[in-house]
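K.L.:
Sequence:
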Amino acid sequence: MSNDLIYPLVDTVVDRFCSQILPQIHYKINTLNLESLSLERILLAADYPNLHSLELYNVDEKTAERVFSRTTA
5 MSNDLIYPLV
15 DTVVDRFCSQ
25 ILPQIHYKIN
35 TLNLESLSLE
45 RILLAADYPN
55 LHSLELYNVD
65 EKTAERVFSR
75 TTA
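Each number in the working numbering corresponds to the 1-based position in the sequence shown with 4 added.
Calculated from the structure, these hints are not laboratory results.
Just so you know, these numbers come straight off a predicted model, no measurement behind them.
Each hint should be verified, as a subset may be incorrect.
Simulated restraints on C-beta separations [to be verified]: (1) 44 <-> 24: 13 to 23 angstroms; (2) 28 <-> 65: 27 to 37 angstroms; (3) 58 <-> 25: 17 to 27 angstroms; (4) 65 <-> 24: 16 to 26 angstroms; (5) 31 <-> 66: 29 to 39 angstroms; (6) 28 <-> 64: 13 to 23 angstroms; (7) 69 <-> 28: 24 to 34 angstroms; (8) 15 <-> 70: 12 to 22 angstroms; (9) 63 <-> 15: 14 to 24 angstroms; (10) 30 <-> 72: 11 to 21 angstroms; (11) 57 <-> 21: 25 to 35 angstroms; (12) 56 <-> 21: 27 to 37 angstroms; (13) 34 <-> 61: 14 to 24 angstroms; (14) 66 <-> 28: 24 to 34 angstroms.
Note that CB positions come from ideal geometry on N, CA and C, so glycine has one too.
Construct all of the structure, not just a fragment, from the sequences and the given hints.
P.N.:
Take a look at the structure:
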């Protein structure tokens, strides 16, 4: 039974995902569904050359501005 709520991932799960799993599969990912607590860590963990869809959940305006207005050198 689904209640349509989005629950944040535990830090240890996100850490393992970013350090061990994403480096192996990042080029295959075409869609990411992220919530605010793991958004920045997952986006910065790898390049996503085939990413075509990004869905965000429970992300406030301030977080979105901080994450998406970064400039690269």
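K.L.:
Does each hint fit the structure? Answer for all of them.
P.N.:
How the hints compare with the structure:
no., hint, result
1, 44 <-> 24: 13 to 23 angstroms, "holds, 19 angstroms"
2, 28 <-> 65: 27 to 37 angstroms, "holds, 34 angstroms"
3, 58 <-> 25: 17 to 27 angstroms, "holds, 18 angstroms"
4, 65 <-> 24: 16 to 26 angstroms, "violated, 32 angstroms"
5, 31 <-> 66: 29 to 39 angstroms, "holds, 31 angstroms"
6, 28 <-> 64: 13 to 23 angstroms, "violated, 32 angstroms"
7, 69 <-> 28: 24 to 34 angstroms, "holds, 31 angstroms"
8, 15 <-> 70: 12 to 22 angstroms, "holds, 19 angstroms"
9, 63 <-> 15: 14 to 24 angstroms, "holds, 18 angstroms"
10, 30 <-> 72: 11 to 21 angstroms, "holds, 19 angstroms"
11, 57 <-> 21: 25 to 35 angstroms, "violated, 18 angstroms"
12, 56 <-> 21: 27 to 37 angstroms, "violated, 20 angstroms"
13, 34 <-> 61: 14 to 24 angstroms, "holds, 18 angstroms"
14, 66 <-> 28: 24 to 34 angstroms, "holds, 33 angstroms"
Hint check: violations occur at hints 4, 6, 11, 12; the rest are consistent with the structure.
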